[in-house]
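So the chains spell out like this:
There are 2 protein chains.
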Amino acid sequence: MARTGTLIEAVMTDIESKIASRAYLPNTRLPSVRAQAKAMQVSVSTVVEAYDRLVAEGSIVSRPGAGFYTSGHIAPLDLNQIGPKVAREIDPLWVSKESLEAAPDSLMPGCGWLPSEWLYQTGIKRALRHLARSNSPNLTEYASPKGSLAFRQFLQRRLLGLNIEASSEQIMLTESGTHAIDLIGRFLLSPGDTVLVDDPCYFNFHALLKAHRVNIVGIPYTPNGPDIECFERALAEYQPRLYLTNSGVHNPTGAHLSHSVAHRLLTLAKASELVIVEDDIFADLETTRAPRLAALDGLDQVIEIGSFSKTVSASVRCGYIAAKRDWIEQLVDLKIATTFSGNRLDSEIVLQTLTDSGYRKHMEKLHGWLAKQRISVSKQLISLGIEPWIQPKDGMFLWCRLSTGTNATQLAQDCLSKGVVLAPGNVFSQSQSAHDYLRFNVAQCTDPKIFDVLKIALRQQI
Amino acid sequence: MARTGTLIEAVMTDIESKIASRAYLPNTRLPSVRAQAKAMQVSVSTVVEAYDRLVAEGSIVSRPGAGFYTSGHIAPLDLNQIGPKVAREIDPLWVSKESLEAAPDSLMPGCGWLPSEWLYQTGIKRALRHLARSNSPNLTEYASPKGSLAFRQFLQRRLLGLNIEASSEQIMLTESGTHAIDLIGRFLLSPGDTVLVDDPCYFNFHALLKAHRVNIVGIPYTPNGPDIECFERALAEYQPRLYLTNSGVHNPTGAHLSHSVAHRLLTLAKASELVIVEDDIFADLETTRAPRLAALDGLDQVIEIGSFSKTVSASVRCGYIAAKRDWIEQLVDLKIATTFSGNRLDSEIVLQTLTDSGYRKHMEKLHGWLAKQRISVSKQLISLGIEPWIQPKDGMFLWCRLSTGTNATQLAQDCLSKGVVLAPGNVFSQSQSAHDYLRFNVAQCTDPKIFDVLKIALRQQI
Chain E
1 MARTGTLIEA
11 VMTDIESKIA
21 SRAYLPNTRL
31 PSVRAQAKAM
41 QVSVSTVVEA
51 YDRLVAEGSI
61 VSRPGAGFYT
71 SGHIAPLDLN
81 QIGPKVAREI
91 DPLWVSKESL
101 EAAPDSLMPG
111 CGWLPSEWLY
121 QTGIKRALRH
131 LARSNSPNLT
141 EYASPKGSLA
151 FRQFLQRRLL
161 GLNIEASSEQ
171 IMLTESGTHA
181 IDLIGRFLLS
191 PGDTVLVDDP
201 CYFNFHALLK
211 AHRVNIVGIP
221 YTPNGPDIEC
231 FERALAEYQP
241 RLYLTNSGVH
251 NPTGAHLSHS
261 VAHRLLTLAK
271 ASELVIVEDD
281 IFADLETTRA
291 PRLAALDGLD
301 QVIEIGSFSK
311 TVSASVRCGY
321 IAAKRDWIEQ
331 LVDLKIATTF
341 SGNRLDSEIV
351 LQTLTDSGYR
361 KHMEKLHGWL
371 AKQRISVSKQ
381 LISLGIEPWI
391 QPKDGMFLWC
401 RLSTGTNATQ
411 LAQDCLSKGV
421 VLAPGNVFSQ
431 SQSAHDYLRF
441 NVAQCTDPKI
451 FDVLKIALRQ
461 QI
Chain B
1 MARTGTLIEA
11 VMTDIESKIA
21 SRAYLPNTRL
31 PSVRAQAKAM
41 QVSVSTVVEA
51 YDRLVAEGSI
61 VSRPGAGFYT
71 SGHIAPLDLN
81 QIGPKVAREI
91 DPLWVSKESL
101 EAAPDSLMPG
111 CGWLPSEWLY
121 QTGIKRALRH
131 LARSNSPNLT
141 EYASPKGSLA
151 FRQFLQRRLL
161 GLNIEASSEQ
171 IMLTESGTHA
181 IDLIGRFLLS
191 PGDTVLVDDP
201 CYFNFHALLK
211 AHRVNIVGIP
221 YTPNGPDIEC
231 FERALAEYQP
241 RLYLTNSGVH
251 NPTGAHLSHS
261 VAHRLLTLAK
271 ASELVIVEDD
281 IFADLETTRA
291 PRLAALDGLD
301 QVIEIGSFSK
311 TVSASVRCGY
321 IAAKRDWIEQ
331 LVDLKIATTF
341 SGNRLDSEIV
351 LQTLTDSGYR
361 KHMEKLHGWL
371 AKQRISVSKQ
381 LISLGIEPWI
391 QPKDGMFLWC
401 RLSTGTNATQ
411 LAQDCLSKGV
421 VLAPGNVFSQ
431 SQSAHDYLRF
441 NVAQCTDPKI
451 FDVLKIALRQ
461 QI
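For the protein sequence lines, the chains are E and B, in the order given.
The first sequence begins at 1 in full-length UniProt numbering and counts up by one.
The second sequence begins at 1 in full-length UniProt numbering and counts up by one.
It should be emphasised that the hints constitute simulated quantities derived from the structure, not laboratory data.
These numbers were taken from a predicted model, which means no experiment stands behind them.
Careful, some of the hints might be misleading.
[Said to hold, decoys possible] Okay, derived cross-link-like pairs now, BS3-like style, lysine-lysine, Cα gap no bigger than 25 Å in a straight line: (1) E:Lys-125 x B:Lys-125; (2) B:Lys-97 x B:Lys-85; (3) E:Lys-324 x B:Lys-125; (4) B:Lys-18 x B:Lys-85; (5) E:Lys-18 x B:Lys-365; (6) E:Lys-97 x B:Lys-324.
Whenever a hint applies, use it, and build me the whole structure from the sequences.
Pasting the structure below:
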């Protein structure tokens with residue numbers, strides 16, 4: 001059916017996209033014509049015409065005396081249909097797949113993990129040999145609902161070192177850090193809720209939150225944490241349900257939350273119903289301790305999660321959630337219902353590796369390598385006119401600004417064709433305001449070819 | 001506020017439970033007073049009074065000119081608040097936790113897995129030793145989006161052995177069988193959809209589907225598969241989105257789908273929009289091949305899933321989904337968004353174990369052990385007046401009926417206090433019509449104490 005009349009068409013498109021993204025669920029009553037007209041600031045007759053045409057097209061049905069309803073069955077959930085269309089180079093799912101599928105000889109200065117040879121492989125191998133010699137139930141049996149008690153007791157001590165007090169009953173193991181956030185999302189969020197993230201933030205937060213069909217609002221990130229005035233305004237404007245952030249080393253900026261921002265943030269959260277999820281995935285890369293919101297809050301409104309995929313292994317999956325006791329009990333039920341049991345063998349390998357006497361020494365060496373690389377890579381980037389936003393104290397990331405007029409997305413396209421995978425700024429930015437930024441992983445920048453390719457690609461852009 | 005008037009109170013309770021279970025989402029318009037009255041078959045004035053009181057209690061808000069809305073924030077998702085309250089002995093989540101947390105010296109004739117020593121531990125240990133000697137990216141690096149190509153090619157050949165044609169691009173690895181079903185649920189289902197399950201069926205299907213907030217309808221299971229007349233009526237009455245079943249050995253009955261029921265089932269499904277998920281978790285326990293719906297259908301409306309937790313290890317997590325190509329692509333996106341990457345090390349251990357030359361021989365021995373135990377346990381149960389519903393050809397389960405007047409839930413309570421964990425029939429039954437059934441796992445029935453405890457508990461019931 002041909003569509004005429006800009007307003008009617010706009011109303012139809014808006015409703016169809018709400019159906020596609022499941023903002024309107026199937027078999028659900030649409031707002032009344034009057035309410036819809038008010039909400040969309042169009043006339044009642046425009047909505048009447050739009051509804052009638054959508055009925056004719058089969059997208060919605062009219063139930064006499066009861067109003068208009070979405071039709072029964074909808075297309076399967078397609079994450080690519082949710083939210084505005086963006087270039088694939090800044091689409092979180094495309095970037096993830098590109099990194100995960102990259103050919104073994106690709107250069108990946110944009111990727112978010114350490115090269116294999118920088119990880120403590122000796123410890124993992126020792127754990128495997130040890131398990132191969134045992135007749136332990138760890139080899140074959142289901143995990144207990146919360147996961148290994150020994151691991152939870154280890155995490156209890158580890159959290160105490162961050163001034164977070166949690167009993168082992170307040171800790172649950174998960175398959176990964178992402179799985180931890182996903183479970184919390186299923187527990188706390190409903191479609192249409194608002195979630196605050198840092199802008200920029202880890203890009204898979206965007207994809208994950210899309211799958212929960214929530215509104216994502218980015219809070220500008222400063223070198224000391226989220227911009228507290230923006231945070232306060234967002235609380236008032238959106239009544240967000242959740243704020244999802246990194247503790248310790250921030251991804252992608254490498255910044256640390258300051259004590260004063262942490263305190264103000266938590267004071268604001270306390271005055272609202274906001275829950276904060278603090279993702280502590282980079283804890284073992286920290287060289288100076290940033291404050292943890294969960295330590296200040298005592299695991300009341302703050303949930304601490306983490307994993308070891310950045311420091312032990314990304315192939316051996318193990319994450320955790322620390323939260324208040326009754327939430328953990330409900331999260332355990334949700335975990336059983338949706339995964340039945342955790343990956344017990346993986347958690348045992350990770351625990352043995354973390355408690356191996358060589359792990360701490362390996363981390364110290366790793367800190368040294370990273371410090372050296374941060375300086376070396378900074379220098380090389382600066383010589384190309386690419387300026388680090390800050391000089392991070394620790395971690396693997398450099399968040400860098402391109403010189404005026406250079407477009408990071410275009411640069412990423414050009415470099416990809418030469419086998420160099422970059423991470424353009426807007427993939428991290430909900431507001432799409434980081435078009436002239438790139439995230440570099442200094443540990444993945446040891447090959448001089450990266451800088452040669454960058455140099456040529458930058459020259460072509462001018 | 002005191003509640004008077006039975007009907008008003010009933011309407012209020014119904015609405016409150018819909019809010020608690022998220023059938024009504026937060027910040028969402030309630031049905032109009034007129035529509036609600038019609039739906040609940042009460043007068044308009046009853047609904048007006050119920051809405052007014054709910055506004056006074058703060059559960060809903062009135063927006064002048066726009067109707068009544070659920071309020072903004074809701075309590076976290078509590079699976080125990082969804083659906084009718086049942087005794088803990090037949091509550092799927094309670095039974096799962098009881099089995100997963102059971103003390104090492106408990107006797108567990110009701111549990112759904114094999115004892116460790118019946119599994120192929122030699123193969124798992126060999127895989128661990130082999131990996132410990134390697135410098136493989138399997139130790140530390142993220143999995144590719146679909147998971148190991150070698151594993152997917154192995155599954156391709158394996159599926160072909162079941163007459164299911166799937167390319168390796170139509171297969172995606174998951175963390176487990178439950179994770180596979182959960183991803184498909186997130187992909188295809190919306191809250192309020194109807195899903196058909198077998199009655200009885202694997203009890204965690206109930207808990208899983210609760211987490212998706214769908215209506216669950218049970219189809220009586222016969223020794224040849226689901227009752228086809230009931231299936232046809234349910235299709236007409238509920239327009240279900242999904243039918244979730246076992247292929248091969250059925251849990252809990254040990255029955256096989258017959259060729260004629262498979263054909264009629266699929267013919268009915270083809271005439272509707274129904275998607276069928278076939279969980280092939282017991283494939284390696286089959287001694288005579290049952291038909292696979294996915295083989296008849298060619299992975300059009302049928303999705304095949306499986307895992308190796310019953311035959312390789314429950315501690316090493318690995319499952320898979322085989323489906324049509326475009327669905328797999330969208331499921332990959334959903335997997336990345338919600339778990340980022342799969343457990344690569346686990347999938348490598350499982351692949352090495354499955355392709356170890358000793359695996360097939362071990363399975364043959366296992367088939368012999370199970371056959372012997374099915375006969376021995378049947379005899380002992382019959383002598384106690386507990387009758388197997390059928391004599392299964394294969395697998396570990398005996399679905400048994402108690403003599404008249406005996407209540408399985410009560411029996412489970414009595415035996416639990418003596419350290420014997422049973423699986424009472426109603427935990428498997430959506431219609432709660434299996435109060436006089438128990439599921440026995442013959443592999444967990446080697447200790448004569450089980451039958452002594454049963455004998456005494458049965459005597460006490462009379």
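Could you check the structure against the hints above and give me the numbers of any it violates, in ascending order?
-> 3 and 5
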